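Chemist: Same order as they appear, the protein sequences are chains A and B. If you count the first sequence from 1, position 124 lands on 124 in my numbering, and the numbers rise without skipping. If you count the second sequence from 1, position 151 lands on 151 in my numbering, and the numbers rise without skipping.
These are computed hints drawn from the structure, not numbers from a lab. Here the structure is a predicted model, which means the values were calculated and not measured. For glycine and all other residues, C-beta sits at the position ideal for the given N, C-alpha and C. One should not assume that every hint holds.
Claimed, not checked - A partial selection of chain B residues facing chain A, derived with a Cβ cut-off under 8 Å:
| no. | residue |
| --- | --- |
| 1 | V16 |
| 2 | G31 |
| 3 | L46 |
| 4 | L47 |
| 5 | Q72 |
| 6 | I108 |
| 7 | A110 |
| 8 | E157 |
| 9 | R165 |
| 10 | G166 |
| 11 | S220 |
| 12 | L238 |
| 13 | L249 |
| 14 | V260 |
| 15 | L263 |
| 16 | L266 |
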Amino acid sequence: MIRCESVTYVYQRGTPVETTALADVSLEIRSGEIVGIIGATGSGKSTLVQHFNGLLRPTRGRVYLDDVDIHAREVDRRRLRQQIGLLFQYPEHQLFEETVSADVAFGPRNLGVAGQELDRRVRGALERVGLDPDRFGPRSPFALSNGEMRRVAIAGILAMEPRMLILDEPTAGLDPLSRQEILDHIRRLHDERGLTIVLVSHSMDAVARLCRRLIVMDRGRVVADGAARSVFADPARLAALGLGLPQVTLCAQRLRERGLPVRPDVLTVEEGRAAILEAVAVRARGAS
Amino acid sequence: MYRAGTPDAVPALRGVDLDVSPGECVALIGGNGSGKSTLAKHLNALLTPTSGAVRVDGIDTRDADRVWDVRQRVGMIFENPDDQLVAAIVEEDVAFGCENLGLPPAEIRARVDAALRLVGLEHLRRRPPHLLSGGQKQRVAIAGVLAMRPRCLVLDEATAMLDPRGQAEVMETALRLCRHEGLALVLITHAMEEAALADRVVVLADGRVALAGPPAEVFSRAEPLARLRIEPPPIARLARLLAASGLPLPPGILTVEQLVEALSPLGAAP
């Protein structure tokens, strides 16, 4: 679906503060995937995803959507941004309409959608993020909680009916349950509606919960790209990159060091429980 | 009370009683809108109570003549590391508050040196702050507060925008200042694994203290926590599931270290 070929991006080129934010990045996001992008602050994660919908243009290299160079002259930029929805950090700062419905309708209306079709899209998008359109639609977005505002912002992108949804730190600043609700909705958009999802996050627990594949960035380069389990199986490398492990994974690996044969690649609390019980049972059999 | 005297007056805090002692770390947790940040702003007189009183070292924060005494004693660190630094190099930034106090240069020098040492950034003193990592920027902000010789440090979501290494740096620095230098530490956080490191956890809901106690006790109360929209740290949930499956675990496990300690005997060679 999206393919980056040797993408390099240089900020403020030709000035003393010239910075290479991306260096020779090649990767592909396939249709139907749910991919996490992790890396320390300044590693290039946000710069990378802004290349996916053409907000940034590579200094060198190319970005393709379905094998078409997105910066080719014949490509309709507006249609590109409709297909590749990008949710920035703290998206609630970008809500501005008087009602939730009007805010969600803003994007599709700009695409020329109107009447019943517009109404259908707005209602559908709100339902998909767990906000009852009859209850929340007429309200002011500014009277909502932070978690609800964040979900309105996601609905605004869903109403454009994109093929890919990119979320940059979608849970930053939210309380634990709002965080969990947002992640559950994102998972459902993927599992039930087949939406391709790219999640940029500092939270190892969030990406462990959601993503099968992880791309790890360091100083503008992709330094690992593979199954989440295999990425988290190399804790020394992650630590060197300023990253960590999900708490449950860290616990499993520490227990192994202490001689309990727990699988080192567990990602969630439920997997951790099963793996620790199994290891304890193995030890008990060995002892008898 | 927000917007007091208008038709949309909202009480943000209602009858909160809270004491924080020197060398004690208190975590304030609660859902978005529960009143955590409003309470924090009362601690250094950024806000003053509509009714009730806040005292810092016995000084009433409503005493307009002593606002700067209060602010010197209670240092606040906020979420965004880029909003808090003002100078072109690190040591000037750390000196900024002291210069405003009108201290003699030798005294400022000594305080800045000591503050940078306490946060472990002496080697970066001549750097421009914008070239530092997020965790380093927050430590510079903490050093700026320390140079004022405060009694209390308030971190309001100070790790929320940092990557895992930055989060660890800031937490280690703050806890060290609390344990070894005797600062009172107030942590406002959504990260339950951070709250688990405090001496006491105070859960706010609708502007009231809904639960309070040592973390092991607060995080063991599954029902009220669920009602208050608080999810215990993942390791606490894992420990509870393992205990329910029959493993001999003591109650109150919250951190990876505690769980590994408790399970290690099961891994010893038979």
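Chemist: Holds or violated: is there a CB of chain A closer than 8 Å to the CB of E157(B)?
Modeler: 7 Å, holds
Chemist: With a cut-off of 8 Å on the beta carbons, see whether L249(B) makes it to chain A.
Modeler: At about 10 Å, which exceeds the 8 Å cut-off, the nearest Cβ of chain A leaves the hint on L249(B) violated.
Chemist: Would the hint on R165(B) stand, with a C-beta cut-off of 8 Å toward chain A?
Modeler: Holds - the Cβ of R165(B) comes within 8 Å of chain A, reaching about 4 Å at its closest.
Chemist: How about V16(B): closest beta carbon in chain A under 8 Å, or not?
Modeler: 18 Å, violated
Chemist: Was the hint right that G31(B) lines chain A, CB cutoff 8 Å?
Modeler: 4 Å, holds
Chemist: At a threshold of 8 Å, is the proposed contact between S220(B) and chain A supported by beta-carbon distances?
Modeler: Check failed: Cβ of S220(B) comes no nearer than 16 Å to chain A, outside 8 Å.
Chemist: Have a go at the V260(B) hint: is there a Cβ in chain A nearer than 8 Å to its own Cβ?
Modeler: 4 Å, holds
Chemist: Please check whether L46(B) passes as an interface residue: C-beta within 8 Å of a C-beta belonging to chain A.
Modeler: 19 Å, violated
Chemist: Using Cβ atoms only, decide whether L47(B) comes closer than 8 Å to chain A, and label the hint accordingly.
Modeler: 20 Å, violated
Chemist: Should the interface hint for A110(B) be scored as holding, given a Cβ-Cβ cut-off of 8 Å against chain A?
Modeler: 32 Å, violated
Chemist: Does the CB of L266(B) sit less than 8 Å away from some CB of chain A?
Modeler: 5 Å, holds
Chemist: Hint check: is the beta carbon of G166(B) less than 8 Å from a beta carbon of chain A?
Modeler: 7 Å, holds
Comparing the model with each numbered hint stated earlier shows that hints 1, 3, 4, 5, 6, 7, 11, 13 do not hold.
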